[in-house]
Amino acid sequence: DQQVKQNSPSLSVQEGRISILNCDYTNSMFDYFLWYKKYPAEGPTFLISISSIKDKNEDGRFTVFLNKSAKHLSLHIVPSQPGDSAVYFCAASAGGSNYKLTFGKGTLLTVNP
Amino acid sequence: DTGVSQDPRHKITKRGQNVTFRCDPISEHNRLYWYRQTLGQGPEFLTYFQNEAQLEKSRLLSDRFSAERPKGSFSTLEIQRTEQGDSAMYLCASSLSLGFSYNEQFFGPGTRLTVL
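Same order as they appear, the protein sequences are chains S and V.
Using the working numbering, read the first sequence as starting at 1 and increasing by one per residue.
Using the working numbering, read the second sequence as starting at 1 and increasing by one per residue.
Calculated directly from the structure, the hints in this document are not laboratory data.
Everything numeric in this text was worked out from a predicted model, so none of it was measured.
In this text, a Cβ means the ideal position worked out from N, Cα and C, and glycines have one as well.
Misleading hints may appear alongside valid ones.
As the list claims (entries may be wrong) - Derived pair list, reagent style SDA-like, types lysine to any residue, alpha-carbon separation capped at 25 angstroms:
1) 105(S) / 98(V)
2) 105(S) / 88(V)
3) 105(S) / 52(V)
4) 100(S) / 12(V)
5) 100(S) / 15(V)
6) 56(S) / 40(S)
7) 100(S) / 116(V)
8) 100(S) / 27(V)
9) 5(S) / 30(V)
10) 11(V) / 40(S)
11) 100(S) / 17(V)
12) 57(V) / 27(S)
13) 100(S) / 16(V)
14) 71(S) / 88(V)
15) 105(S) / 57(V)
16) 100(S) / 14(V)
17) 100(S) / 50(V)
18) 71(S) / 30(V)
19) 100(S) / 13(V)
As the list claims (entries may be wrong) - Not everything, but these chain S residues come out facing chain V in the computed CB check (under 10 angstroms):
20) 60
21) 103
22) 112
23) 113
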């Protein structure tokens with residue numbers, strides 16, 4: 001069963017606009033969430049994370065929102081740039097041990113100039 | 001470059017052959033992880049080490065797979081008697097984890113395995 005779900009395989013936005021990538025999870029034990037960006041032929045690159053004691057974390061153009069009651073998180077990128085075009089993975093870990101990340105299938109973001 | 005490195009980047013082998021991959025983590029990181037990624041999927045956890053101790057193995061890691069991390073530095077992942085279903089990207093990651101603190105994992109570029 002897919003414990004972390006990214007239901008949109010792809011998303012296309014215009015440069016300068018907001019990109020919103022969504023992620024849902026089913027395991028209530030998850031308490032730490034991360035977003036990674038991946039370019040072809042490279043490993044995932046860490047972007048931003050949030051623990052379950054927070055509902056928002058911001059780092060420059062990237063903001064992650066966590067809604068624990070809905071088991072939903074989202075990544076906002078403002079403003080979007082063509083260099084943001086990549087596959088974005090949502091990941092989660094449980095119990096504070098942080099040794100096993102469970103990933104979604106990813107969303108391909110395309111930012112058009 | 002002080003990131004996670006993996007070698008080789010690509011490996012093509014024939015079914016039934018053994019292959020070995022190497023991962024060099026970020027030098028001060030005490031935890032090392034192996035993941036596997038197939039087409040259209042996110043990375044899937046295989047195993048992890050705390051220093052030199054292998055503390056968990058996924059059920060995805062069959063008896064044909066073995067991983068080591070001698071002296072708590074680099075790690076190797078060996079696949080014996082490869083099968084076509086082993087074709088995937090094998091990713092290594094490392095982190096500096098102290099107690100129950102939250103720490104992100106940093107990934108290497110991966111080794112792409114193709115089994116013919």
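Could you tell me which of the hints above the structure violates, numbers in ascending order? 1, 3, 4, 5, 6, 7, 9, 11, 13, 14, 16, 18, 19, 20, 22, 23
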